[in-house]
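Engineer: One-letter residues, chain by chain:
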Amino acid sequence: MKASLKWLQTYLPLETSTPDQIASTLTGLGLEVEGIETIDPLGDKVVVGTIKETRQHPNADKLQVCTVDVGDAHKDLLTIVCGAPNARPGIQVAVAMVGAVLPGDFKIKASKIRGEKSAGMLCSETELGIGSDEDGIVELQDNTKLGSTISDLYGLRDTVFEIGLTPNRPDCLGHVGIARDLAAKLELSLTLPNPTESLKEAKNANLITSDKISISVEGDDLCGRFSAIYVEDVEVTDSPQWLQNLLNNAGMRPINLIVDVTNFVMLETGQPIHAYDIRDIKGSEIIVRLANKNETLTTLDEQKRSLNSNDIVIADKERAIGLAGVMGGADSEVKPDTTAIIIEVAQFDPSKVRKTSKRLAIHSEASHRFERGIDIGNTEYVARRTAQLIYECSKEVSTAKVPVVAGTSYDLYPTEKTQPKIALRTDRLKSLSGLRLITQDEAISALTSLGFTFLDKTEGRALFEVPSWRLDIERETDLIEEVIRLKGYDAVPSTLPQMEIGGLRENPIIDFQDHCKTIMAQMGLVETISFPFVSQDDLNHLQISESHAWSQLISLANPLIEQEPMMRPSLTIGLLKALKENRNHGRQGVRLFEAARGFFKPTIAQNDELSPIWKNLSRNGLHITGKAAQDHRAIEKNYLAAVIDQPWLPKRWSSPEIPASFFHGKDIVQSWLTAFGIRDFAFKKPDAADLPFLHPGASAIVVAGNRHIGFVGELHPQTALNLDLDGKELPIVLELDLDEIYLESTKPRSFTGSSNKFPGVTRDLAFVVDQTICHEDMMTAFKSFNRRKNLSSYHLFDVYEGEHLSPGKKSMAFSLGFQSDKKTLTDKEVEKEVQAIIGWFKEQFSAELR
Amino acid sequence: MTDIDIASLTKQTESVSSEFEKDFAATSNDLSHKAIEDVRIKYLGRKGLFTAISEQMRSVKKEDRPEAGKLLNSVKKNMESKLDQLRTLEKKAALTAQLDAKAYDVSLPVAQTAGSLHPVTLMRRTLLKEFRNLGFIVYDGPEMDLEDYNFSALNFKDDHPARDMQDTFFVKDLEKTVLRTHTSNIQIHAMRNERPPMRVVAPGRTYRCDSDLTHTPMFHQIEGFIIDQNISMADMKGVIDTFLKAVFGTDLETRLRPSYFPFVEPGGEVDLQCVACRGKGCRICSHTGWLEIGGLGMIHPNVFEAVDLDSERYTGFAFGFGIDRIAMLKYGLSDLRQLFEGDQAFLSQFPVN
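Protein chains in written order, with my numbering: chain L, 2 to 851; chain F, 187 to 539.
Since the hints were derived computationally from the structure, they do not count as laboratory data.
These figures come from a predicted structure and were not determined experimentally.
Hints should not be assumed to be uniformly reliable.
[Said to hold, decoys possible] Derived, one-sided and incomplete: chain L residues facing chain F with beta-carbon distance under 10 Å:
| hint | residue |
| --- | --- |
| 1 | LEU78 |
| 2 | LEU79 |
| 3 | ARG170 |
| 4 | GLU236 |
| 5 | LYS356 |
| 6 | ARG360 |
| 7 | LEU361 |
| 8 | LEU433 |
| 9 | ASP491 |
| 10 | SER495 |
| 11 | PRO651 |
Note that beta-carbon positions come from the ideal geometry of N, C-alpha and C, so glycine has one too.
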């Protein structure tokens, strides 16, 4: 809402305050001033001067060369060529000096006109934008001070406050509302226009609006009140300059006198007004009704609108002539030859107006106000105020005819609204605000100054009637805000709450996630945060098939980018996109991670087709607790994912480039899991259909107990190609289910006591086995070795395939540790156990010693 | 077996000793573990020269045996002590060699291994730390929530323009579900799960259908609220002041002004004096001198009633700040969108802690 200071000053005396002070008062009242604009259309280079002498231009019959005195505004007399017939010595004129800029961005420069120098211009009303007289230059009164600015003389300067109005204050969508708050705060008296007095002479008592038109409302609640007034003998012409200026300053373009006045009164009262040419109301009947099926209406903006049965229309006998509360119809608007009008001031159902306005995407000044709610108590007044101003403005611009206003207006107000009455308890005011010393009298005085009617009081309790324009006041707490708002939030003291220690427990997933991030970062990864929106293309790039868990995602009804309507199931997608961006910027060895949520439809739990790897998806995240867990709502899973690009280490002075491989990813996952004390997990070969975006031979699912807690792997070469991330070595991705891992980390674990006092012995054994035997198989065999006595550790230190081995075979070399907690082992004892192990592996895998 | 006399024994030991001395001298000049061991074996080993002499002991005449014993002992001792000398020298030499072997250019680069946390994560930590100091606990809830939690229970009436204050992403596939437009939905979750007294903060991702220089469709807020009997607006001011001073220091002014959020009444907004111009007015603060950093207010009785709490008995206040905004102010960043572009060069400059 743009509020003009000049406009506000017509209702209350603000001369003693500077614009900055007023702005800060408004902000302090909750009418936040977001910007202050100074309006000065003529600047200080257009000043009052007097023509000292004139002489005929030597080369042009119609031009005169004038010598002009502008007093202090310029030290020398100015020579100005002028073509106006009324330019003559002795008159006071408006002088645009060199450097002035006139309306229409007309810059005044020193020039030569037909060989004669001219240092400025003598201006007409139209050139100054202060009137419509263009026949000659302005002649000012003799006593105006030379050199003073025309802006000051005509009061053209204005300050406009851009107010960021909150939706609870529709009363301030008009200057009067803003003035009312200011008056209350600054303790100034408010003077509002009184149409009754000045309408006396404009009214014809025999002219009755209901003779001209009948009004009816079909259906309850569409229209709370409909006031109308008939005005005849109007002339559609330009409105007075002052009105045009104020409209301009408040951000509206002047159109013609009738439309300008309706706009002006809207910006004054906050109440939208519509004027119809009475000729266009067929059957002299206005009907407020819901639109018919398939009904159409061409609105003022020349758009043909298809209506539905939720839209309220203003109709005549034959057709809709306006979209109620949103926009008028094109064929009933005021036209150049309009002579008689019906002024409509009404209240329409805010919710219906809002739905229509949203559906048709018409956000008009009117719909903005009707949606928020208008002052139903004021419509009849506004109708008369509009008529009054049409009459006064017409007289001011001397139209040929003088408008005549109907002596009786039409006011359809079936159920008069009763204003709420609310009690304010002084104790409650004190305890809620913390203003311990505030009195009942202060509260009464604050509220009455804002227009509340004080009805009654008992000790500690005062009763008020809410003014009809304050639709936001519903209960006691609203009154309390009004009192504190007027007193100023600054007046509220600052204390610290005295309260019991609460017994609430934190949701542990919050801290857990934070620790997860720290450990990732400590391992050299860089945290990123990305948007969760994904496209079908993204899924295609990852080769996600229709049967995959990621293929049925939650979509947004109104995505920001049409192609990205879905909510991500996984963080991998975003990380790969970020990786691509980084590569485009020439970054190498990128290592990004993110911890965030993936989203799934609740129905995924019923999908039996899904591979067991996605079983966790049917369990909602740990942050969804209590009552919410029983709602039918989306599943949100907390994930942590990372992408590691090539190379693992760049070529350096001390070592050649080391490419990143699956095992670097695995290393990160393992270190990360063990950092949380999780040791019981395994990396298993995935079903390629579950992770179609990973290299089937260089990827793994991470399993803890019987739960799948994540995956890690090199990117599938086809996915890499799709994403333009291809190369000899491919990026590594990993993603972990934080909810599952958190639960895993809280499982009780046992720890071994003090270390063994007796020395240990190591032996190395290399087994030759089939290539199909994996490390995990060997580990399982070690674990299940049943003649185990002193074997205390075993780890793989070499894998070999190739020369000296039969095809299809590989050698796996293990380092075995033997230790007893009772004695120092002898070679013989160790040897015996080694032989038993060799026997065991032979039995298990036909393993031979190499 | 002939008896050997002392003279013969002495002669033999002298000869072996003199050879030993030669070897000793030679080894001293060319120390190595192996050379020393070789010398030991040559003289004291199983078939060593000295060992051979000492094996004659059994053949020495009975009366000469004590003297012979002494002699052999002293020769052996001498040899062992000389060998020890050599060992000590060898250890010293090895140390010296190890020391001499390295004289690095310590300015040579190493591979950087430290990662980094996102500035929003760092800021979030700082905020949580300050709130925990003030006795708050941290709560969490869904990002995709029912309209009831995001709007209705928070006193946003159906079809009211207040809902337009936040450009909402609506979820197509689930009924009455939105991406939460603010973390205020956590108020409802917490109030439906717990009973007062409550001191709760909840940081999280929030979404609005808006994207320009100063808005991203996803951003971070931190919500907080205190509910108990007799909580006043003065308490709200006290807590917010304490918190803001802890985060921004004492030299920047803050102001509280009335504003409107449906779930609080009285409601307000907090402005921080512009960190760039200190209130003079600049581009960053749109020439107002103030930066809006959060909204707050006394919890509306309609909200208490929506969660079945007695609005006469309990009062409380709630607040919400933009974490991204605070992080930008704190770290002196000017481009909001940079936070979510994933540029490693930008992100990696932040610390892990």
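Engineer: Now look at each hint and say whether the structure bears it out.
Structural biologist: The hints, checked one at a time:
no.	hint	verdict
1	LEU78	violated (41 Å)
2	LEU79	violated (37 Å)
3	ARG170	holds (7 Å)
4	GLU236	violated (38 Å)
5	LYS356	holds (7 Å)
6	ARG360	violated (12 Å)
7	LEU361	violated (15 Å)
8	LEU433	holds (6 Å)
9	ASP491	holds (7 Å)
10	SER495	holds (4 Å)
11	PRO651	holds (8 Å)
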